[in-house]
Structures are given as structure tokens and as C-alpha cells.
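With these hints in hand, go ahead and build the complete structure from the sequences.
One rule links them: number in the working numbering = place in the sequence shown (from 1) + 1.
Hints should not be assumed to be uniformly reliable.
Unchecked claim - Label pairs and their in silico Cβ distance ranges:
hint: 1; residue 1: Val-517; residue 2: Thr-307; range: 16 to 26 Å
hint: 2; residue 1: Pro-304; residue 2: Gly-328; range: 45 to 55 Å
hint: 3; residue 1: Gln-561; residue 2: Gly-354; range: 47 to 57 Å
hint: 4; residue 1: Gly-158; residue 2: Thr-582; range: 40 to 50 Å
hint: 5; residue 1: Gly-330; residue 2: Ala-483; range: 26 to 36 Å
To be verified - Lysine-lysine pairs mimicking DSS-like chemistry, simulated, CA-CA at most 30 Å apart:
hint: 6; residue 1: Lys-434; residue 2: Lys-326
hint: 7; residue 1: Lys-434; residue 2: Lys-153
hint: 8; residue 1: Lys-434; residue 2: Lys-558
Source of the hints: derived by calculation from the structure; they are not laboratory data. Ideal Cβ placement from N, Cα and C applies to all residues, glycine included.
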Amino acid sequence: MTATGAALRIALCQINPTVGDLAGNAARIRAGIAAARDAGAQLVLFPELVLSGYPPEDLLLREHFLTDAGAHLQELAGAVQGIVAIVGFPERMEAHPPARRGRAGRSSSSPGPVATVLHNAAAVLADGAVQAVYRKVHLPNYGVFDEQRYFKSGDPGGTTIDVEGMGVGVTVCEDLWLAGPPATAEANAGARLIVNVSASPYHAGKGAERESLFAERARETGAYVAFCGMVGGQDELVFDGHSFVLDPTGATIARARQFEEDLLICEIPFSEAGTPRVGAAPAAPEPPPSTGPSSGARPLRAPIATVEQEVYQALALGLRDYVEKNGFGSVVLGLSGGIDSALVACLAVDALGAERVNVAVMPSPYSSAATQGDARALAAALGIRVHELAIARAMDAYRDTLTADFAGTSEGLTEENLQARIRGNLLMALSNKFGWLVLTTGNKSEMSVGYTTLYGDLAGGFAVIKDVPKTLVYRLARWRNARADAPIPISIVERAPSAELRAGQLDQDSLPPYDVLDRILHGYVELDRSREQLIAEGLPAEDVRRATRLVDLAEYKRRQAPPGIKITERAFGRDRRMPITNAYRA
Numbered sequence: 002m003t004a005t006g007a008a009l010r011i012a013l014c015q016i017n018p019t020v021g022d023l024a025g026n027a028a029r030i031r032a033g034i035a036a037a038r039d040a041g042a043q044l045v046l047f048p049e050l051v052l053s054g055y056p057p058e059d060l061l062l063r064e065h066f067l068t069d070a071g072a073h074l075q076e077l078a079g080a081v082q083g084i085v086a087i088v089g090f091p092e093r094m095e096a097h098p099p100a101r102r103g104r105a106g107r108s109s110s111s112p113g114p115v116a117t118v119l120h121n122a123a124a125v126l127a128d129g130a131v132q133a134v135y136r137k138v139h140l141p142n143y144g145v146f147d148e149q150r151y152f153k154s155g156d157p158g159g160t161t162i163d164v165e166g167m168g169v170g171v172t173v174c175e176d177l178w179l180a181g182p183p184a185t186a187e188a189n190a191g192a193r194l195i196v197n198v199s200a201s202p203y204h205a206g207k208g209a210e211r212e213s214l215f216a217e218r219a220r221e222t223g224a225y226v227a228f229c230g231m232v233g234g235q236d237e238l239v240f241d242g243h244s245f246v247l248d249p250t251g252a253t254i255a256r257a258r259q260f261e262e263d264l265l266i267c268e269i270p271f272s273e274a275g276t277p278r279v280g281a282a283p284a285a286p287e288p289p290p291s292t293g294p295s296s297g298a299r300p301l302r303a304p305i306a307t308v309e310q311e312v313y314q315a316l317a318l319g320l321r322d323y324v325e326k327n328g329f330g331s332v333v334l335g336l337s338g339g340i341d342s343a344l345v346a347c348l349a350v351d352a353l354g355a356e357r358v359n360v361a362v363m364p365s366p367y368s369s370a371a372t373q374g375d376a377r378a379l380a381a382a383l384g385i386r387v388h389e390l391a392i393a394r395a396m397d398a399y400r401d402t403l404t405a406d407f408a409g410t411s412e413g414l415t416e417e418n419l420q421a422r423i424r425g426n427l428l429m430a431l432s433n434k435f436g437w438l439v440l441t442t443g444n445k446s447e448m449s450v451g452y453t454t455l456y457g458d459l460a461g462g463f464a465v466i467k468d469v470p471k472t473l474v475y476r477l478a479r480w481r482n483a484r485a486d487a488p489i490p491i492s493i494v495e496r497a498p499s500a501e502l503r504a505g506q507l508d509q510d511s512l513p514p515y516d517v518l519d520r521i522l523h524g525y526v527e528l529d530r531s532r533e534q535l536i537a538e539g540l541p542a543e544d545v546r547r548a549t550r551l552v553d554l555a556e557y558k559r560r561q562a563p564p565g566i567k568i569t570e571r572a573f574g575r576d577r578r579m580p581i582t583n584a585y586r587a
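Here it is, written out as C-alpha cells:
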């Protein structure tokens, strides 16, 4: 079809699907197509595997799930008119093996078994039908990715389609992270625009990194590049959206918001000369929140946030989606008067609203008046309900029960951990009674070295700051307190960290200072540095040996921790998979 204007108007529809909700995801896609068409777009992009949600994991091994996904795709295609839509979906194909040969070399009359081949695919929908299918070529199998378990690679020659007279090359996520084909093959076939539909899990700084790398692809291919990212939380992963369009020089000409659904409109000129004409979408009727994104006039290039703002938004989005997509009404956490629980309480209120957040203040004889006062002051500032549950009598009951068996021993770590386990038990009782999700408050530094108690502070349903190092916890708290309400008492931020499990206890009695510890953990956990390398970098040798030994010993604890939000490049669990039984030390 010949173009009627000077530019191709495209829409990048970053939406928040739910894994497995085929009908709901299809409804969101339909709403996005309608909004894009109303905005005058001729091409609309949706994220990778948006129909199934990402990552669908072993749902992909269920034939009926794949059949249902295919049926929803066909239904979607049938309703697409007046626009071209590119939609990510899992494509199930049947591959018949060659006929078996008999003894005389004749073909057997009975065919061999039908094999199922699965692709991570993007369907091109137009004029009421599936017009083409692109199949992902590069299947990542590192970090959080496990795509080679499920998918087969597609043709590296790629897929180039014609939209209103412009050649458009289609790619999926990793296919544009790597140089060369399929993108170069598509550009050589005449693509002036390379589109990339993606479900790219977030870590701090990922958006800027992604733009920089895709700018290399734009310069390499000499084409415009449009990246449409997924947004939302899925278990431990968060997707930041951050869709964008780059010109052939790699310059960013349009950028969507981070951490929220958005519809980004941009025009790609047909002429090689001149500056691309770009602009926000004209005002359009806003669809219901449950069915799709909204559009409206706004700055074309949404700003990239600071690290603290970005991480805070990621944590809030991951928490909100975990709660809501799993059907929880409210949450509860223990509020100690320490920095970690203060940050989690703020995140919970910002993500869910104060009316859905409950806190338990559970003082023991070792709890100071200062920390208890701070806990109650924070709760009041946030407007959340406080449950007062003193544990002194429960501690006495546990000691009395164990007196005979503990006779002749001195009090120590066991008795300290009893306090944490009593608190965990009480929080789980509130959860059982009222259906509240228990939020744990341990940070990555503590999780790394096992400075946690099994069935105590590890007890719960979701570990919000599980991947947040302690030093970043302080930065996030200060960033949150810079807002007008400033809910966190300054004494919480300035007080030396303590679990208050015995009189006068400080975290630094058992651990290196957190600024040193976090540098050691970053090197050992995230960069796989050896002890000798860390010491050679100038870190204190004794602290390195002690911290790395604690990391190795704590693997069994981390396996029993609740899921939590990934915000670093190498989170425990999905990214870092170490054996519990492990005699190697380096």
C-alpha cells in the first residue's frame, strides 16, 4: 500500500499482562489496539509474549495452554482492521518426522509420532488475520532466563513486512541485544524501521543501558529502532516499560514512562532527509484501568529517573502486582523501629494505600523505648493500623518449656532467635486469621551472610527488599524522606543498626561495617570475585574471609526464604544458583 502521508505513525503499547490470564491479556491488547487506532497509528507494537504473560515457565509444557493461547490469538486477529498490530505469543507448531523406511527401503504406511515445536514468536495481525509470524532467534539461557528449555530458534534471516509502503523488520528482545542478524539481514532486505518487542527484566540502571546498546544497533543497521517493553511485576521480576524510539544515529527521539502502562506515539519519516516528526498522541478516550493503557498529551521523552527513584518505583510496582495478581487484600509486617522495616512500611503504603497495610509492634525486654517510639511515630505518620503484641510472656513460656533440656548451658544465640521466631509466629497468626500477606523486611546484605532467623524474620510470603543491599536501603529511605510528608523519624536513619536481640547489641558486633560488607558482597556474589581478588582490591582480609564464609554457609537459609523483588544484576535464587552441599572454597 502506498503511503498517504510523509511519515509512518507508530504506537508502542507497553502494558502489564498477568501470566496465564489469556482472556484478560487479550482484552488489554484489544483495548491497546483501539487506543492506537484512535490516535491515528498505522502500526502498534505490544511486548514479547504479552498474550501469555512473561515468563510463562512450565505453563509452556501444557498442550491445552498453548492451544488456548493460539485460539485467543486467532480471535484477536479477526478483529484487527485499519491498523497493523505486532503481538508476542507462544507459537505451537507440529512437525511431522520423515516417514519410516521398511526393510526393502519402502516408506512405512504408518506416520511417525507428531513432534511439537514451540517458538517465542511475534504475530503480525492485519485485515482480520495473522499475516506473518516472526520467531525469536537468540534464546537467552543465563541469569533469570531459561528459554532454551522451552523454545526453538527461528530463522536468522528475520521477517520484513511492508506497512504503508515502509519496510519494517521484526525482532524479539535478545535478537536486538546482539550485533548482526536478524536485524542486519532485515535492514539489508530494505527495512527502514526495526521494531523490537520485549519482556526485559529490570535491574538498576537497565533502562539507560538498554537505550545505549540499542543505539549501537540503530547505527549498525542505519535504521530507526522502536523498542516496546513490558511493564509490571511477575513473582520476583519487575519489568520497567521504558519503551523508546531511536533514529539511525542512535539518538532517542521518544521515550515512554517507566513502571507504568503507557501508549507512546511517534512518527517515522518516509523521506531519508529531514528531522523525524514526533509528537505525543492526541487526547483519546481513556480505557478502563483493567483493560489497557491510557494516552494523552505529555512530554515526548519521559526523563530517566535517578537510581533511588527508579529502584523505589520498581519495588513498589513489584509489591503491588504481587499482592494484587495473587488476590491478597492487605499486608502485614513487623515494625521494629529499624531502617529496614521502616522502608518496607513506606513501600507498602505507597504501593497499596494505608488502608491495606497493617503493622505489628512486638517489643521484647531488649527493645529500647527509642525504637518503639520511632515505630509508633512512623505508623502514625503513614496512617496505618498498629497491632500491639508484647512478647515478654511468650519468651518466658518458651524458656520455661525448654528449662530442663537446656540445663547446664549458657544463654546465647538460641535464646536470641527465640524472639525472632515468636514474632514470626505471631505475624503468621495474623495472616492466617485475616488473610493478610506477611511482608518480610530482611535486606540483601543480611540474606547474603545469613544474618536472619529461619522461621523468624524469614517467615512470610514476600520479601520486598530481599535484593536491596543495606547501604542502598539507607539511600532509599533518605530519598523517600525527601518528599513533603517525610514519614521516617530521623533517629531511625541515624541510629546504628541493631536487631535488639540482647542488651546493647549492634549489627557491627557480628558483621563488618555495612559500607565494607556491601563492597565485599558485590564482588563475591554479583561479580564472582575470589577471596584473593577482593583482598587484592584493598578490602580488609579478615572481613573478606569472614563475610565470604558466611555467604557460603547461608545457602540453605536462602533456599527457604520467600520470593522477593530483583533489582540488582545478580539476585539470589533466579540469577545465582549455588549448591547447598558445596565443599569448594575460593
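Which numbered hints does this structure break?
-> The structure conflicts with hints 2, 3, 7, although it agrees with all the remaining ones.
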